[in-house]
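Novice: My request is simple: use the sequences and hints to build the entire structure.
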Amino acid sequence: MTEENFLQVKNLVKYFPIYSRGVLTKKQVGQVHAVDGVSFNINKQETFALVGESGCGKTTTARVILNLIEPTSGEVLLDGENIFEKFKGSDKKEKLKLRRKMQMIFQNPYGSLDPRMTICDIISEPLVIHKHVAKECRCERVYELLKLVGLEEYHAERYPHEFSGGQRQRICIARALAVEPEFIVADEPVSSLDVSIRAQILNLLADLQKSMGLSFLYISHDLSSVRQISQRVAVMYLGEIVELAETDELFDNPLHPYTQALIEAVPIPDPKTKNVKARLRGEVPSPINPPLGCRFNPRCTHATAACREKKPELFEVDKGHFLACAQPGQA
Amino acid sequence: MTETLLKVEGLKTYFYTEAGIVKAVDGVSFDVRKGETLGLVGESGSGKTVTSLSVLRIVPKPGRIVEGKIELKGENLLAKSEKEMQSIRGREIAMIFQDPSSSLVPVYTVETQLRDVLSAHEKISKDDAHKKILDLMNLVGIPEAEIRMREFPHQFSGGMKQRVAIARALALEPELLFADEPTTALDVTIQAQVLDLLEDLKKKMGMSLVMITHDMGIIAKMTSRVVVMYAGNVAEIAKTDDLYYRPRHPYTALLLAAVPRLDRKKTLSIIPGNIPNLIEPPSGCRFHPRCEFATKKCEEAPPVLEEVEPDHFVACYEWKNITLKGETGKND
Ligand SMILES: Nc1ncnc2c1ncn2[C@@H]1O[C@H](COP(=O)(O)OP(=O)(O)OP(=O)(O)O)[C@@H](O)[C@H]1O
Ligand SMILES: Nc1ncnc2c1ncn2[C@@H]1O[C@H](COP(=O)(O)OP(=O)(O)OP(=O)(O)O)[C@@H](O)[C@H]1O
Ligand code: SF4
Ligand code: SF4
Ligand SMILES: [Mg+2]
Ligand SMILES: [Mg+2]
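Chains as they are written, first to last, in numbering that gives the first Met the number 0: chain A, 0 to 330; chain B, 0 to 331.
Keep in mind the hints are simulated off the structure, nothing from the lab. There could be a bad hint or two in this list.
[What the hints assert, rightly or not] Straight-line alpha carbon distances no greater than 30 Å define the calculated DSS-like cross-link-like pairs of lysine-lysine that follow: (1) A:K271 / B:K33; (2) B:K202 / A:K271; (3) A:K146 / B:K130; (4) B:K72 / B:K201; (5) A:K26 / B:K130; (6) B:K131 / A:K25; (7) B:K125 / A:K26.
Fair warning: this is a prediction, and the values are worked out from it, not measured in the lab.
Specialist: Set out below in structure tokens:
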């Protein structure tokens, strides 16, 4: 059973102000257009992937959805309810409930673990906050979670710095799973893991999704894992979605020139394919002064005068396949 | 003969924790040749980062280098004073850290931090530093560098922080660069640009590179030789082609089988069993509890690295008796 529109993101915008360096006077000199009118929806039990250039606004989108930062404008509905309004409201219990429903696995497994807490404390912290599990059972639950992510009971008494990068990421995953959330934002959850553990974690996430009915927003630069676990993919470029389609469709039939460049740049694990040079050239554009017209035009080999003038809107080229390009399918 | 730049022999680095002694690096030997890119791969927790930190002599407490030899151009680094090491770090050997934020201080602007690196070893005027920093930031592909260098690390995305960390490591044009997962936070197009940049610098400055990554695509593309680590030991060292097509160590073969490919369908295997506990590591060959070829002998004493063909070293008793599957270029 899939329920549609479990999470709806509507025209989300987030700008960060930039100030001049004056010591006494702080003057705004511009803004970073981190997220600029992003809309998508995630169904129940779906893994929706967000991919795109570094700095294009994926993490910012996620943080706004989780209400960790305020949006400049736009709406996010979870189960039909406007979450920004709920978080602004006064009902503490409701807020806590909403927080429990949505968890995040962070991009940086280093910064997100408190160095003074043992692994047991870290994982049980959300259990305590949300009074999710009776006190006596907490240790049991922690062991269970450690096992789930491929760590051992004896790890519970250790501190974060005693773990390698990949081991720390598994601790983050265990913590996010502790309160049995309904929606998880996983920001690069496997990028610091070796391939075997990566496969294990991805299988684990897929299993949990089935058994617990979880929905995921999966953010990653690792396109093979995106292909493996997501049902639909949105490609972002400079704060905007440029293409959105079902996973196989996107990888087999990419239409946006940026998506094509992205897929082509994935290094192939076979030494015979050495020295494939990066196809995408040109200056990385700035989110402070984004290019006019299509934001990809300075780097696009198909760009025409029209592309520099008018910004292409996202439209449905094929059923469920959305694209923002003035000249689809030319490549 | 290619010149040896770095020689590591029998390196042991242990962490003396309350729970016991973590034998993170336990008898590791390899060398880095001048101008080459050497890959360092292995399971998460196998000691890749600790090995690099040991070479730079910046192993954090309660860790300590217990034994071994580390020679840079014939000079014993373990005999150097801390002061001498300071002048070696950054200029002769630099490192791009796995955690980009660990090399960036949150309370200083990016410009200040890069300037500190530049001025640590020699006098440089503010204007010259500014120009150099601008160049570096352009080099690693940060747009509007002039504005963004005045920002603080938290205002940067994950990938931008990583690029600053790369710029920082390259600032003094080191002879040897340890790049610990330098591109994990980058999208593949920028990753390709950064890898090209590293290649260019290697050619221009004759830099040697040790590339640590879980991405076997990058290893295939960038390296000439690869060191495979398992649980604090070296399992195999080979030329890149040999490693992919003719792996000799059972762990290497399992690692290759677990690598996903975007370009073709492949059933992903998982390496069975648990990661080893490095406080009480398995006896004998540390891989034996997970190895399908293990014999009685494997449990008794650790195998030593032996050269099975030129430039191909394996630490396994059974290498002669087993046939392993490497990259075949075909669908499963
Ligand atoms: N607190 C902040 N203040 C100012 N600018 C910010 C802040 N947080 C993010 N930005 C900017 O917003 C843009 C988008 O950043 P974001 O972290 O969302 O990118 P991302 O897509 O997650 O990138 P990556 O793949 O590198 O993690 C970047 O230009 C970044 O510098
Ligand atoms: N400060 C420390 N105290 C105790 N143990 C440590 C410490 N730092 C590292 N270790 C242990 O040393 C081992 C090797 O860690 P290292 O960080 O070198 O792994 P790695 O190969 O770089 O893994 P990854 O690919 O996950 O980054 C790990 O088992 C880790 O738990
Ligand atoms: S709209 Fe024009 S510039 Fe933009 S991606 Fe399409 S062809 Fe390229
Ligand atoms: S020495 Fe024995 S246990 Fe170790 S890899 Fe070889 S066959 Fe397996
Ligand atoms: Mg991010
Ligand atoms: Mg590491």
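Novice: Are the hints correct? Go through all of them and say.
Specialist: Hint-by-hint comparison with the structure:
1. A:K271 / B:K33: The given pair, whose Cα atoms are some 23 Å apart, holds under the 30 Å limit.
2. B:K202 / A:K271: Holds, at roughly 21 Å.
3. A:K146 / B:K130: violated, 52 Å
4. B:K72 / B:K201: holds, 18 Å
5. A:K26 / B:K130: Measuring from Cα to Cα gives roughly 25 Å; hence the hint holds.
6. B:K131 / A:K25: Status holds; Cα separation ~27 Å.
7. B:K125 / A:K26: holds, 24 Å
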